[in-house]
Amino acid sequence: MHGNSQVFLEGISGFLGWYYVSLAAMNLIAAYWLWRARHLVGQAIFWLVVALFYMGYLAPMATSADPEWMPQMPALIRNLVNVSLGGSTGAVTYSVGSMVLLIVLYLGRRFFVRGQVAWGMLNLSLLALGLSMTDYNFYTIAAKPDNVPIVGLIFLIAFFTWLATSRAVENDDRIARGEPTLEHEGSEKVLVWPDLVYTELICMVALTAFLLLWGIGLEAPLEEPASSVKTPNPSKAPWYFLGLQEMLVYFDPWMAGVVMPSMIVVGLMAIPYLDFNPKGMGYYTIAERKFSYLTYQFGFLLLWIVLIVLGTFLRGPNWNIYSPYELWDVHKVEALNNVDLSQYFWISGMNMAMPRAPNGSSVPIQLFYIAQREWLGIVLVLAYFVVLPPFLAITVFRKYYAKMGFVRFMVMSNLLLFMLLLPIKMVLRWTVNLKYIVSIPEYFLNL
Amino acid sequence: MAEDKKLSVADMLAAARNMDGGGDPNSDAPKADESTAQSASPSATDAGSTAGTSQAPAAMKDAKPGSIAEMLAKAGGQSPSASKASTPTAESSEAASPAEVSNAKPGSIAEMLAKAGGKSSSGSSTPPSTAEPAKATMSSPVSDAKPGSIAEMLAKAGGQNPGSSGGSAKAAQPETGTESSAGSNAKPGSIAAMMAAARGESQSSSKTQAQPAAKSKPTPEKKSAAKKKAAAPAAPTERMDTASVLAGARGDAKRGPVSKSEAPELMQRKRPVSSGSPKVELPEMPKRPAYVKAAAKAGKDKKVEERRQFVFLSALFGSSFATGMTALTTTAVVWTLALARYLFPNVLTEPPSQFKVGFPDDFAPGQVETKFKAQFGIWLVSADYQGEPCIFALSTVCTHLGCTPNWLDSEQKFKCPCHGSGFYKDGINFEGPAPRPLERYAIRVASDGQLEVDKSRKFQEEMGQWQDPASFVAV
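Read top to bottom, the protein sequences are chains V and U. Just so we're aligned, residue 419 is where the first sequence starts under my numbering, counting upward by one. Just so we're aligned, residue 324 is where the second sequence starts under my numbering, counting upward by one.
If we strip away everything but chain V, and leave its shape as in the complex, we get (with noise of 0.2 Å):
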């Protein structure tokens, strides 16, 4: 094994190094451009010797290929990552964890948009790529042709929602002093042609000529002919579809893969008429509509975009939970036994056998039996989607429902609770092993 990590580390040694050596120009350029521009020669010096490190020791020691000294993420490190993320708990170690880096992140905007910690965080995430990288287990995910584009996703959702954030907050301080925002001041029109359609054409150019190059430095992933009887495992979708396999793991695929996805891109084609609230056209902010922006970060970050990652880095063989350091053993165990709402009330609670249709019985006294097997879960989707949402009205949407009127706030609540339906499927099954709320599979009716 050490021979073969030997030839490992010798194969990736030339990427790291430029690696690294990038990673300094790119801090030197900072260091650079704060002393030129800004003239804040303390916080340039501070990049500068980010720079020498980078330069000085992380590219020389990885180039060298010495598993003594090539830089490499603490074992220590690894392991509590193996354990919190590699066990029967690791979904709900990474999908709670995530969550709480979101609000942290949120709650301490004001901090984190700051030029200096975001291009601190920002060094520190691609520090920890390069230390990861020599980890093999991690390289495989890492580095494989497919999944690529998601680690630069990663990067460019951080950088985008940064951007954005940054300019929120600073439209945010304006508002309240009274000052036009960002967007608002100095802004001078400019003309379709030449200004937007040059712009659109020097992108169209400088994109294609990535693309070719992407094109010719990573192969495309192809594989062996297809075979119906033969399905890679793991056996994943294209990267932008991996939320969408997520869920498929928690609903029906009725549910998760005609449904939801048809209720999100409704549900987006609805917002202009469910929105209400005319502010923030055209600026970034956040205090004038939190309650849009919270909603629209909470669906697009917490379940598309974690869920993404988590389909790359988490799930292995079997579609099982692996941590990113932890090697793929096509034969681990992991306890599940999932229970559908209906046994737990009959066999679980009322220690009796499930009802069950006599045989041949004529359908209407089929249909009688299945309703009473399941009328706990009939009767709880029911009361979420129908009793929810006007307590909702009276409680905590108040104010909404009476700005909204009672059509849109129906529409909009009853999307809403679609959206919740989704993390609260997750966390049902992660911690009591819920199939299904409502299972009828004689009918192919699952929820």
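Hints are all accurate, no fakes.
Chain U side only, calculated, beta carbon under 8 Å to chain V, not exhaustive:
{"#": "1", "residue": "Leu724"}
{"#": "2", "residue": "Cys726"}
{"#": "3", "residue": "Gly745"}
{"#": "4", "residue": "Phe753"}
{"#": "5", "residue": "Gln790"}
The set of hints was computed from the structure by calculation and includes no laboratory data. Remember, it's a predicted structure, so these values are computed and weren't measured experimentally. Glycine included, every Cβ here is placed at the ideal spot set by N, Cα and C.
Given chain V, work out where chain U should sit, using these hints.
Here is chain U on its own, set in the frame of chain V:
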């Protein structure tokens, strides 16, 4: 003038729009009136000393007719004099300042537009950015002398209607003093001039309230009236849609959306119906000759059948278009039929739905035979189901989303790699999202003692079909 170039396109368009509604009689901007009256006075005295508009052509000769804009400007200057009526356009008085015209060098079109805009917005006090250069140009009559833009032409055209119908006496002054000379100087070459002349003449007939009393000071009065036209529309600053701009060009009073309360008023003054215009009396149509009717009646009964056939054929092949569409439709129909035939091939290269898998003794109790998975898509399982040892054939399709699970011998379960569904050896789902057990195929002991699987029949546990004796073979 340098400042004028800085005007953005939006400003120019705004100026053009303002010019369009030149004839707005609801000029509720007294400020604008005053300011224009003041600005008009120097050129007015100028014009008075040089005997009115008759000097205009002479001035034009001095100006270099290099640009189209200048040609238009000339046309604009001449058009009122060419028209015999008193057209209350701005140019009739503006052209009277020859020196300024000759000094004015035709710059870019933008400048021209800017000038036009500057003139119009001079009366408006609302946009401070445009008001500044506008005033600058106002003080020098140079800008006034350049009616270069199309917008201004439209303004002229529009300005005439309300001038006559709105009852403004100033606008309706006949200019007899300058008429003759102006008419002689009018160049018939420019289209604008001809159009203006045509309009002016038609207007002259309708003017009944002309007040000759104002004749003593014709030019200043006219100037102010003209200025009012140019200045008044600058008051509304809201942006207007295309329909409003056109409406303004037509001379409608109100631009922008019309409310219900305003509608009747607008309808009344929609277009001035010239009372004196001669009504065209058409002669009566000649009566149809009798032979035409007779011929039509005679042929009808006979040829109706032939005609129907002819109509049908000509609809299909009458023109090249019809022929093409007919051919296209025919091809599409044939192609669809061929496609339907393609779905039922002559030979199917699928494995047979009924096949023999060996003797029941070949399978040890508790064994899962996976060797038929690749070819037939089944697992042959010998296991206990509800306490009874039996052999059955399980489908290799996951009941969640149709992936192919794998048999993990060490864990004694089927496990799907797509979403993690797990099934016991007997096919019952126990983990992951699969909502129901794997499906069984029909199995029986054939006449030669071998097991025969029939994939054409399925048995689903949740439907209670696993009790069917065709779904298993008891060992």
